[in-house]
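Protein chains in written order, with this note's numbering: chain B, 1 to 220; chain W, 1 to 189; chain S, 1 to 265.
These are calculated hints, taken from the structure and not from any lab test.
Predicted, not measured: the structure shown is a model, and the values here were computed from it.
We put the beta carbon where it would ideally sit given N, CA and C, even for glycine.
Incorrect hints may have been included.
[Said to hold, decoys possible] Simulated coverage check for chain W against chain B, where a stretch passes if three residues somewhere in it have a Cβ under 8 Å from a Cβ of chain B:
id: 1; region: 8-15
id: 2; region: 32-41
id: 3; region: 115-121
id: 4; region: 168-176
Chain residues, written in single-letter form:
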Amino acid sequence: MSGLHPYTQLALATLLPALAWLVPGPRAPAIALAAAVALVLGTPRPLRRLAAVAVAAAPFWLFLFLLHPPARAALVGLRLTTLLGAAAWVGALLAPGRLVEALVARGWSARAAYLLGGTLAAVPLVRAHARRIGEAQRCRGLATRGALVTRLRAVHALVLPLVLSVLHQLDERVLALETRGLGAAVHRTPLDPPADSPAQAAARWGAAAACLAALAARIA
Amino acid sequence: MPLRHIALIPVAVAINLALSALVDPTGLPLFLDTTGTVLATALAGPVVGVTTGVVTTVTNSLRNPTFLPFVVVQVIVALYAWAAARLGLFRRVATSVPAGIGLGVLAAAVSTPISYAVFGCATSGGVTLLTLLGRRVGMSDLGACAFGSFVSDFGDKTVTFVLVAAVLHALPRRTAARFPLALRAAGRT
Amino acid sequence: MTRLSLERVSFWYPASDRPALCDVSLRVGRGEIVALVGNVGAGCSTLLCVAAGLAPRVTGGRLDGRVECAGPETAGGGRVLLLPAPWTQLSGMGVTVRDEVAFGPANLGWPLERIRVAGERAMARAGVADLADRDPLTLSGGELQRVMLAGVLTMEPALLLLDEPTAELDGDGAAALWAVAREEAGRGAAVLVATSDLDAVPDLASRVVWLADGAVRADGAPAAVFADDAIWREGPGGPAVADVWRAAGLAPPWPVSVTAAARAR
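Same shape as in the complex, but just chain B (with noise of 0.2 Å):
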């Protein structure tokens, strides 16, 4: 499972959650669910991430439970349980690195991979360097509770120096990455393309044909 290549992937897990959707009556999310759980235990450490989908979808469950009657709040539960599932599925195997590399492939110029791929390695540098805002701000005796007034003045004194510092480097980022050839015309060398079969597209088409099929029965 883990061989396949990503887009067989992510098709597998949009399908599941969109055929829950999809079908009607309580019986497709209820097996689309049966089918993501068993993928999942496919996965290295299983039951673990059961554990976290679980925890995910708990508070859905209550507030569908509180919102609607029990019919419906178990079927647009069981709908968003599909959808953690498979994401969980997704999300075990399939490294976002290699799904950059299946862009760049299947023809992605470097700059629209690097859209996702630059995203993905800023994320946790910009989420590190807003913690030590705050921790240095809260050093500094910054108030953030109190009266409205004083926690909107923290939000501003939190926020403000977080994003004027990224766009301070921002300079930077685009000297390093233009030197490092990211504003050439040319195409990018692939470095570790994931293999793909005929089968699996063919599988991939069947399942978007599955999926307007579904659609399809919906709407008439």
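We have chain B; now place chains W and S onto it with these hints.
For chains W and S alone, kept in the frame of chain B given last:
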């Protein structure tokens, strides 16, 4: 798209995803997850803003796919921010506040049908409680859901707009000069 | 043979009236290492950007004068710039150090085999071969800076531009990096390095250029440049050895390295 904009998008997305944890200690119910989108639009235009919104949703969905349907909201935010920048609404705090409230209304209007159809309006604790409250007061299902979304979005989007206006005014001239749209949006030309 | 030639170059950043570079003329030849020294804001980083072909193309702004770089065409004319802070240079497109190092050549469309060979060689020279399978986000600042150096070396530049490359490195790391710079020059590359590590300059560079307020104040051999009292009074100063000699009230030229000092006795 010039390389400067290509490099801006990942940091704008990172801003979208980093702010809610940053302001957590204040206890305010703020997500600020469109701040990067609004900022990117004010700096570099609607195409960059919309791309930021889409990449934010895709990145977020890798961990939590329930965000996927709300990509529409990010796109609407980017387009609204572009209109606001063109109209000069970022030039003063006095104008950015009502602009933010307007976005709150619009964002709630767009996210309500998505929230209702896909999630049965059960997107978060706050929205759920507000929806229950709305129902208790006699609103319809959809109306209560809209009420919940609006109350939650109104403060969030207003603060977002004010923060972006503050950033545009606080940018050192040399940095702002790299983004001609930014100088015009902030009225600093 | 001259690799890099700047003739009467002046440069203004966008929306700025004060020139960042003022009538600068500079030549760097094959196999030569030239050190740029100056106070903060003197224009050393700007000069490197101009030499790299990044200013005004990427930074915006206005340039007067001529910039010429001779050499094989790889990235922007065979020249690459290494910046001081490693975290902003991280592309994030590589899950391993090996892939991160390969970022540059892959963008240029090199064949896979050439990338692999150049990458292995560059990682070995930068001393990060044992980190090849690590995730770049887990590295320390010093390790990451050496990985960025490998990323630059792997592009086999004819003109190597280094902006405060040892800022994140300890003494051993810095010494290793200067050794790499000397190796590159030995292979025929031209090296231009802006540094505040003045003690390393005499052993590293055959020429020192002192920049002040965007203009060239001095350009010559280390001993000659550091013999001028002006660089001590108004500029960044010089190597610690020379400082001691100068403080003792002895007449210039002062020895600029420990070996020179030993010989002087």
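To see whether the hints hold, each was checked on the structure:
With a cut-off of 8 Å between beta carbons, the region 8-15 of chain W has 7 residues touching chain B; three or more are needed, and the interface restraint holds. Closer than 8 Å: that is the beta-carbon criterion, and the region 32-41 of chain W has 3 residues meeting it against chain B, so the requirement of 3 holds. Counting residues of the region 115-121 of chain W whose beta carbon lies closer than 8 Å to any beta carbon of chain B gives 4, which reaches the threshold of three, so the coverage claim holds. For the region 168-176 of chain W, the stated coverage by chain B holds: 4 residues have a C-beta nearer than 8 Å to a C-beta of that chain, and at least 3 were required.
When the structure is compared with the earlier hints, no violation turns up for any of them.
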